Amino acid sequence: MTESIGYLIDGFGVALTLENLMWVFIGVFVGTLVGVLPGLGTPATIAILLPITINLSPATGLITMAGIYYGSKYGGSTTSILLNVPGESSSVVTTIDGYQMAKQGRAGPALGMAAIASFIAGTFGVIGLTILALPIARWALTFGPPEYFALVFMGLVSIVFLAGTSVIKGFISAVLGLLLATIGSDIVSGETRFIFGQFQLLDGVEFIALTIGIFALGEVFLNVEKPVGATIFKVPNRLRELLPSRQDFMDSRFAMAQGSVLGFLIGTLPGAGATVASFLSYIVEKRFSRHPERFGKGAVEGVAAPEAANNSETGGAMIPLLTLGIPGSGSTAVMLGFLVLYGLQPGPLLFTERPEVVWPVIASMYIGNVALLILNLPLVPMWASILRFPYYVIYPAILLISVVGVYSVHGSIFDVWMLMLFGVVGYVMRKVDIPAPPLVLAFVLGPIAERAFRQSLVMSQGSLDIFITRPLSLALLIIAVVLLVLPLFGKARRLRQNVVEEEV
Amino acid sequence: MRKVDTATGLFFILFGLFGITQSLGLDLFSRGARLGPGMYPLLLSIAMTGLGALLVASRLRGEPERFGEFHPPSGGELTRVVAVMAAVALSIALLPFAGYFLSTLALVAALLFGVERLRTWRALATTLALPAIFFLLFVVLLRVRLPGGIIDL
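Residue numbers (my numbering), protein chains in the order written: chain A, 11 to 514; chain B, 99 to 251.
Don't read these hints as lab results, they were simulated from the structure.
Every value quoted in this text rests on a predicted model; they were computed, and no experiment measured them.
The beta-carbon is built from N, C-alpha and C at its ideal position, and this holds for glycine as well.
Among these hints, one or two may not hold up.
[Said to hold, decoys possible] Listed below are the simulated BS3-like cross-link pairs for lysine-lysine, each with C-alpha atoms no more than 27 Å apart in a straight line:
no. : chain 1 : residue 1 : chain 2 : residue 2
1   : B       : Lys-101   : A       : Lys-236
2   : A       : Lys-441   : A       : Lys-236
3   : A       : Lys-307   : B       : Lys-101
[Said to hold, decoys possible] Every beta carbon over 10 Å from chain A, so not counted as near; a handful from chain B, in silico:
no. : residue
4   : Leu-112
5   : Leu-153
6   : Ala-196
7   : Leu-200
8   : Arg-217
9   : Leu-222
10  : Leu-226
[What the hints assert, rightly or not] Restraint-style ranges between C-beta atoms, simulated for each label pair:
no. : chain 1 : residue 1 : chain 2 : residue 2 : range
11  : B       : Ala-230   : A       : Glu-29    : 28 to 34 Å
12  : A       : Ala-485   : B       : Leu-108   : 36 to 42 Å
13  : B       : Ala-105   : A       : Ile-488   : 35 to 41 Å
14  : A       : Pro-481   : B       : Leu-176   : 51 to 57 Å
15  : A       : Ile-197   : B       : Ala-227   : 43 to 49 Å
16  : A       : Lys-307   : B       : Glu-175   : 31 to 37 Å
17  : B       : Asp-125   : A       : His-420   : 28 to 34 Å
Take these sequences, add in the hints, and give me the full structure.
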């Protein structure tokens, strides 16, 4: 604990330089700007803004990324409240009460409460990260390949559990992601797999092309089915009353508290993610509320709870990312790729070998939260005015940004074609109701799972017993099996159905 | 949705079977009884085939209304989507030769004048401004290396 605080103070020393402060603000600003654009969730926003950060030093680059992460999350909730258009999947639940508040002329308090709940919960999440990161990192040193495999397996199972309306379709999406991850050179023998003569696939499918294609292009193709015109967005004209009232705060106290704790805990579970956190937090709030009948009709706590969970999850998700190298969500999956681009290997040794990078990033998350509040409360009317542009201006802009985002990674036209291909795949997946997040997470976790699985079998000379004779591996596999079997029975089945109903 | 899900399941059965045949063409085991490069994708392909079969079976068994409604795009909607996809594909094909600026100019023009059928000064201004703004932002300010095409000449 004392050691963590000492490292954190050093981290603040680095993060509070003028240059890094500037980049935090730029990250939050640009992240919010792009996050406001519908169809671009946090993963796509981070991926698109990669070129901005690629030439910076690792610490500064990651600090900027943290700002973008927070900014894009807040940007997503802005459109949810004002326009009933969630910028990303974790903002979907915010639309339920946020848009109702906006329709009742309370857009200001809704946006203000979203910003304040995000700030409070985001700070709570970072405090949790500060206190728990080192203990978890030390504990993570006991992880061997069997434990890693069991952990990734559990992560894959947990994301599928709440991934959409059908568990089978969630699994299909995840297995598709795992199969796509096998394309390219085999990680052990170097032999090529499924490249069909395309040497550009030797290094595998480009992750950025896959992510932007499925998330952004898929959404655009779906939206353009109907003539878009200027009517897709309605922006309210009056945003004078920006801050929530005292009563709003009183109503939202418990929502912010439980959202903060729940979001952080769910964030630490690999594979769970902000979407699950926000949904569960909303459901908990509604179940324990004295006035559940107000939910869905403009209850301010219906905005505070999911927004708190959504942002507290950020701190939680950074723990498995930084200490274990396991991304907890699509966004942290992109950040994992970013760490690797800088030659950093996330895992327990990152904290001891590269403290000059890790702790400034954690310090910058505190600063990012403050920057988010300072920038976004006064700028809400400006963010909203971007959406005054008709969709026929916005969607070509999304397509142009997507092409730049993908091409800039390797300067490869082939990758841009892959973007197009995955755009079509994303559109078809939406039409046949197959959830995209399991695919993306499985694509990231796939190589980790395969490597750990094969290393484990080398350790055990081919025996699968290694997974059940090591206590931690066994415990994780039991949890995974329980998660897998749980939806088949009684209350758990009803809980999942409730979640899905809320989702729909 | 029941028929669509059944068709989706059948597609993934075929996809899984294709994966199995491709995986069997790779080494399943390597030196020292270690797993070869084909074993992991083989297991995944078998899982995919099984999941596809499970989806088909579950849809054939249950009541049709349990699975919700499928909203297929109408002829006009499908035409719009295909037109947007074609415009993007054409723009990508042009990218190496015409460069980023001209290919994106063509893309925005095709979308606004071809797909959206706009005939306004605003549409014309958007067509010219969007590629220019992104060119300035990414190429000039952020120094992202994008294909120059004939503009380089």
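| Given as non-interface: Leu-226 of chain B, which should sit over 10 Å from chain A by C-beta | Given a closest Cβ separation of 12 Å, the condition holds.
| message | Checking one constraint from the list: CA of Lys-307 of chain A to CA of Lys-101 of chain B, max 27 Å. Satisfied? | response | The hint is violated at about 36 Å.
| Has the hinted range 43 to 49 Å been met by the Cβ atoms of Ile-197 of chain A and Ala-227 of chain B? | holds, 46 Å
| field | Distance restraint hint 51 to 57 Å, applied to the beta-carbon atoms of Pro-481 of chain A and Leu-176 of chain B | value | holds, 55 Å
| Cβ distance range 31 to 37 Å for Lys-307 of chain A and Glu-175 of chain B, holds or violated | holds, 33 Å
| Cβ-Cβ distance between Ala-485 of chain A and Leu-108 of chain B: within 36 to 42 Å? | holds, 39 Å
| message | Given the hint of 28 to 34 Å, is the C-beta distance from Asp-125 of chain B to His-420 of chain A inside that range or not? | response | holds, 29 Å
| query | Taking 10 Å as the cut and beta carbons as the points, is Ala-196 of chain B off the interface with chain A? | reply | Since the minimum Cβ distance to chain A is about 12 Å, Ala-196 of chain B lies beyond 10 Å and the statement holds.
| request: Report holds if the minimum CB distance from Leu-153 of chain B to chain A is greater than 10 Å, and violated otherwise. | output: Non-interface label fails for Leu-153 of chain B: nearest chain A Cβ at 5 Å, not farther than 10 Å.
| Can we confirm that no CB of chain A comes within 10 Å of the CB of Leu-222 of chain B? | holds, 12 Å
| field | Proposed proximity, Lys-236 of chain A with Lys-101 of chain B (alpha carbon, max 27 Å) | value | holds, 24 Å
| field | Closest CB of chain A to the CB of Leu-112 of chain B still more than 10 Å away | value | Leu-112 of chain B clear of chain A: closest Cβ-Cβ about 13 Å, beyond 10 Å.
This entry does not satisfy hints 3 and 5, going by the numbered hints stated previously.
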